[in-house]
Amino acid sequence: MDNDERHAGADWGEAMSTAEMTIGDGEPLPEDTLLAVRGLKKHFPIRGGLLRRVVGSVKAVDGIDFYIKAGETLGLVGESGCGKTTAGRTAVRLYEPTAGEVLFNDPQMGPVHIEHLTPRQLRQLWTNIQMIFQDPFSSLDPRMTVGRIVAEPFLVHKMLSGRALQDRIAELLTVVGLRPEHASRYPHAFSGGQRQRIGIARALAMNPKLVICDEPVSALDVSVQAQVLNLLEDLQKKFDLTYLFIAHDLSVVEHICDRVAVMYVGYLVEMAPTEELYHHPMMPYTEALLAAIPKPDPRRRSRPIRLPGEVPSPANPPSGCYFHPRCPYAQEICKQERPPLRKVAPEHWAACHFAETLKLQGVPRLSQLPVDVQAAPSAQPSTQAPSAP
Amino acid sequence: MASVPTASQALQSQATADYVVRVEDLRVEFRTSIGVTYALNGVSLEIPRGKTLGVVGESGCGKSVTGLAILQLVPPPGVVTSGTIGFRSRESRTPVNLLEYERMGPEMRHIRGKSISMIFQEPMTSLNPVYTVGNQISEAVLLHQTGEHKEAKERAIDILRKVGMPNPERIYSNYPHELSGGMRQRAMIAMALSCTPDLLIADEPTTALDVTTEANILDLMRELQQEIGMSIMFVTHNLGVVAQMCDEVAVMYLGRVVEQASVEEIFYDPKHPYTISLLKSIPRLGTNRKEHLEVIRGSVPDPYSRVTGCPFHPRCPSFMPGICDTTMPNVVYMPDSPQHFVRCHLYNDLANHQAVPSGVSNSIGGNGQ
Amino acid sequence: MASNAGVFADEAAAALEPTRDVGRLSQWTLMRRRFFENKLSVTGGIVLILFYLVALFAPFITPYSVNNLDSNSQYAAPTALHIINGHLAICGVKQTLNKSNFTWVYTTDCNNSYPLQFFAPGFSYKLLWVIPMNIHLFEVPKGQRFYLWGADVQGRDVFSRTIMGSRISLSIGLVGVAISVVLGSVLGTASGYFGGAVDNLIQRFIELLMSMPTLPLWAAFAAALPHDMSVTKRYFFITIILSILGWTGLGRQVRGKVMAYRTLDYTMAARLAGASSWRIILTHMLPNAFSHIIVVAALAVPATILGETSLSFLGLGMLPPAVSWGVLLRDAQQVSVVESHLWLMIPAVCVILAVTCFQLLADGFRDAVDPYS
Amino acid sequence: MGNYILRRLLYMVITLFFVSIIGFFIINIVPGSALDARINQLRQQGGEVSYQEIQSLKARYGLNDPIPVKYWKWVSGVVHGDFGESFTYQAPVSSLIGSRIGFSILLSSFALIFTWLVAIPVGVYSATHRYTIPDYAVTLLQFIGVAVPDFLLALILLVFASKVFHSDIGGLFSQQYQNAPWTWAKIQNLLGHLWIPVIVIAASATAWTTRVMRANLLDVLNQQYVQTARAKGLREVIVVWKHAVRNALHPLIMTLGTLLPSLISGEVIVSIVLNLPTTGPLYVSALINKDMYLAITFLMALSVLLVVGNLLADLLLAWVDPRIRYE
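Chains as they are written, first to last, in our numbering: chain H, 1 to 389; chain C, 1 to 369; chain V, 1 to 373; chain A, 1 to 327.
Don't take every hint at face value.
[To be verified] Listed below are the simulated DSS-like cross-link pairs for lysine-lysine, each with C-alpha atoms no more than 27 Å apart in a straight line:
#, chain 1, residue 1, chain 2, residue 2
1, C, K150, A, K242
2, H, K69, H, K41
3, H, K69, H, K237
4, H, K237, H, K209
5, V, K233, V, K126
6, C, K153, A, K242
7, C, K114, C, K51
8, H, K238, H, K209
9, C, K114, A, K242
[As the list claims (entries may be wrong)] Partial list, computed: chain V residues near chain H (C-beta under 7 Å):
#, residue
10, S26
11, L264
12, D265
13, Y266
14, L272
15, G274
16, A275
17, H284
18, N288
[Unchecked claim] In silico contact screen, one side only, chain C against chain H (beta carbon under 8 Å); selected entries:
#, residue
19, G182
20, D219
21, L285
Treat the hints as calculated values from the structure; they're not laboratory data.
Ideal Cβ placement from N, Cα and C applies to all residues, glycine included.
Chain H with its partners taken away, still in its complex shape (with noise of 0.2 Å):
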């Protein structure tokens, strides 16, 4: 299919570079910026009173400044109701923003400003980004087939009919892992791990650049989730995709993810490569939220700090830094200033007052994993080999 030809008759305004944008303090985005978030908030209003007049807001992403470079894994992470998917679908104005910048380095466009298009440019625009939803029972409309499904933005976007269409859907489909005759199926057929693949598909349709993945894996059993983690790296090397990873399992982030940021209460309290968060974190929150996962090893039993009282609301917030009444490092200054996200070491961005000088606990480098001890079952001596019963 013809990229250039999509985007014909959309006037996209004046060309720009990523390097007008700048993040956290004034840090000039790298040279392969894919999508740059600079300031981006989306407040919900409450309404209250005599005459249902807006009260107050529910900030559930309160200025959030992150970057993704083009065919690496961004994950976000956070506790639920932290404003991470928020977040993702408000960066593609999915949900509108109330305020923010967001950059879009479209490869037939050139740089464009999200926050600026017009619904028709945004229409366009979206054949670049694309989704992945957790929930993998309402992201299918069950009145259509699968086939209906993954054609959607070519019917919508006039782009392929009959033969090729169909030769089209086939392919998708053999991609993610389906057959072609699966086309002709309704979605109530299928097993979650199954929709999940129509659903990646759908997402690939238009060859798009970014794919936001909405906590892709988390309603799945830990075999399936497996079996579409695999997948979704796999299709990242085929075609050349990036990814937001949006998810709560921090397990699976190290896993998939080049670089993760973590949300708490709309904002983002730090941004690192994966390896470095993980080892090296530099917000306490961060260093607690890694010590509460339940590792999968029961000699590996620590009893290591525990967080007191619970995520606050994003409707009524505590003052400072948001993470203060629950910090064991907290001082005085916590409590009075939030501290900003700057950057802390290469790469390394981290919202704390006293991110160099705490000496913070990451997860050790695992050596040797349990169940590696074990040979698998089909390397048995061959004397206890099975006999007929």
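Dock chains C, V and A against the given chain H, drawing on the hints supplied.
Just chains C, V and A now, kept in the frame of chain H:
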């Protein structure tokens, strides 16, 4: 009072000396208009006294149903079709077969909440929204411990304090919706432990919670277990939680226990191919290797179909044609670790060496079809 | 990219497993299957089909025209049917004068019997409003009277009137609900999809309509219609009156559904695919809401039928010379009259039967659409 | 909460304002009025009625004004408690309505109470004995109950009573109490008559509410907290009545919004058939005779009844369900 059937007597030598609940050959069917689904196909497991048994498996393996069946609370159209559930309380120690009690009869009700209690996955939906937390806790206390309303309230506040509620007097008169998810789960735990039960069945108690909250709840459960000296049956699909919480682990697949062993053996010396694959398919923290995870082929078959032979054979990496797809494997005990058993044809030889009386393995699993 | 197919062959194998046959069936087919499993609802549906067929071919079935007066047959009791010589027949009537109080006394005389004549000519009419005809399902010989369900105060045949009355009573339900469905779907969808001020306005409007007592307001509307209106015009207005207040419930339902669909991920996926609001509404929301709309509509038909009956009964709905079940029941307003002429209540039986069948049908629809509720 | 009630009261006033406009307009669009009837009557009684007399009558009742002016005059009267004058009865509307609206409220409230008293236990029984013969019987009765229109049921009961007991069950009082002053005996007599219209009005609502209750309870019985209650060792009776029924009541209260209009409509039509001294017969005759002030005032009174009922229902809901905190 029923006793556990004689066939299991031989098992006694192999099993732990002291147990709270021993489930044998438990079968549960759901009879719906579309057809019959077999939720449990002969589950056998033992919950050691004062310890934690983890029950793991993927969705649809029957782990939650096992927990509900012990309390005889399998919702209709589910029916327990056979099996025994031997229960030994702290006081009497003589096993009784819970399945001989009437489902809603007075004996069973006496055990529920007092000797065996249960907490559920969704703290949001497991507390009644229209009654205060205190009302719901003292309800259980009034039922099993004291007739005095004032005393019940004091005890309820006590137990709320014990589960780490910051302001128990206030929480007592709060409604569930006024609490956060973690707080609600604490309230549920308080309710379940208000009568110091012998056994707590925890059905995925932390699945719906965030990691930091989960860690706190797990700590709390461990502490209270020490204090009360109860056993826990911990139903979960999270292997990390199992490794951190449990002493013993039973791995379930399609309504059967395919392997049971100590947590150490399950993680460092697993025998069943399913257990091994499961362990290999989870990403491990601290490795950051961007390579393929090992996968188990396919997915759990739909509950209406019945697989011949070993139910895991269509997905098994060690599949042996002609054996696995025709015959249901028997339970085999590991020679060097008497409490470790596995249900797999790979270990048939071991079974012969051991010369486990065939009656035993049959009583545990029976021959499936 | 075609050459890439099969690269992940082992992955593909991993994902393959026999999917059940039902996978090929659409939601509609599944619903249809579930519906046909419900025998009670299917029975209701069949009875209704019969009802509507009778209404369509009403003049063919009726032996008398609706306003065929006969002063000799005031409140004539239902004529008994006999089988004489293997034929359905009626007995002749002998008229004698009671000399003591000088009233006519009618006695049946079965020696003098008249077989029913099937497909015999009678009064002229237009079949299905088009084809001129005079053949009727059954007739009795000239000069004989045959009142299957008795006669009313003016000696008109209750059977013929009830059958003809079904035309208005049954159709007003369908037509009225059709209007409600259009109004409810359009406004409900707009309200649910666009939200904000549009939603607010429509919701307030619905609340306003719902804050009015239905029957009294219907009555007020109907009373505003001039008495000298033609039957067709009156029918038209009454239908509109009934549907104006009937769409609110449906509007709310559709709105609720649409709002639920709007938050579903597949709607978001459709937006990302570039679909416009119209496209999303037409291809994703309405088809999904349609089954619920049908259920609500099926439930609303009986309400509309009862509405017309009540209004006409009060003398505010359809008026004579039009015949509807409600108009017929107006004759049964006096207890003293009904007491001795129970057959005047036959239209009531028809109302109850039709409404019950609609409910059975709607119940079946609902179970088929949403088996978990 | 205070805010919420204030806002609801505000909405109520606005709603009633619109209802009055719509109602007034509808009732006034028809040409002719009850006055014409009176003029005819006067003519028959004593020959000529002069043009001037007609004009003065018309002016007195404000019939020459355009509708908005008429409306304005009427509304300003209403604010001072003057609802206008009835043409047919030649009496102030307020005195005509005052005596009758009380009975309407009485009947509708009793019907509501009856509906719930019957529907809740029957619904609970039906849900807890699902797929048994009594459950099917209840279901069948529900279908028939909804299908029989109120007025028909009233008619059937009347015919039945007169055929079997040879008694007239219409009206609210026996002959001797009809115009008697209020005494204890009169009240007893009233209650003795009341149950028939109450049952008739409530019949279809009861059938429908039973269905709603059954469905709600079945939903609630599947909830996790019911399982929690069982796991505590509670008796099934307590599980059902304390934990499940209480939660199944909320949707029932929410359906009051649809139940109330049907009860009020039922009251209007049943009163006509049973010849009760409530708003129904007077309202319909006012409509037919185009007695406009009487008709519009009745319509408004019924609307007020409905709107207040809805507000009470919402407050009841907030009281029953601790999760609802109106802002």
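Fill in: Hint consistency between K114/C and K51/C [alpha-carbon to alpha-carbon, up to 27 Å]
This hinted pair holds, its Cα atoms lying about 18 Å apart.
Worksheet entry | Restraint outcome when D265/V is required to lie within 7 Å of chain H by C-beta distance | Result: holds, 4 Å to nearest chain H Cβ.
Item to complete: For the hint on H284/V, just tell me whether its beta-carbon gets within less than 7 Å of chain H.
Response: At 6 Å from the nearest chain H Cβ, H284/V passes the 7 Å test, so the hint holds.
Discussion item. Next item in the hint list is Y266/V. Is there a CB on chain H closer than 7 Å to its CB?
Written reply: Holds - the Cβ of Y266/V comes within 7 Å of chain H, reaching about 5 Å at its closest.
Practice prompt. For the pair we were handed, K69/H and K237/H, check the Cα-Cα distance against 27 Å.
Written response: 15 Å, holds
Practice prompt. Double-check A275/V for me: the hint is only fine if its C-beta lies closer than 7 Å to a C-beta in chain H.
Written response: 5 Å, holds
Worksheet item: Would the stated hint for G274/V survive a check requiring a Cβ distance to chain H of less than 7 Å?
Response: The hint holds - G274/V has a Cβ within 7 Å of chain H, the shortest such distance being about 4 Å.
Worksheet item: Can we keep the N288/V interface hint, with Cβ of chain H closer than 7 Å?
Response: Holds. Min distance 6 Å.
Worksheet item: Regarding the pair K237/H and K209/H, is the alpha-carbon distance no greater than 27 Å?
Response: Holds - the C-alpha atoms of K209/H and K237/H are around 12 Å apart, at most 27 Å.
Item to complete: Would you check the hint for K69/H and K41/H, treating anything up to 27 Å between C-alpha atoms as holding?
Response: Holds, because 21 Å separates the two Cα atoms, which is no more than 27 Å.
Worksheet entry | Hint check: 7 Å Cβ-Cβ cutoff, S26/V to chain H | 6 Å, holds
Worksheet item: If you take the shortest Cβ to Cβ gap from L272/V to chain H, is it below 7 Å?
Response: 5 Å, holds
Going through the hint list in order, the structure satisfies each hint without exception.
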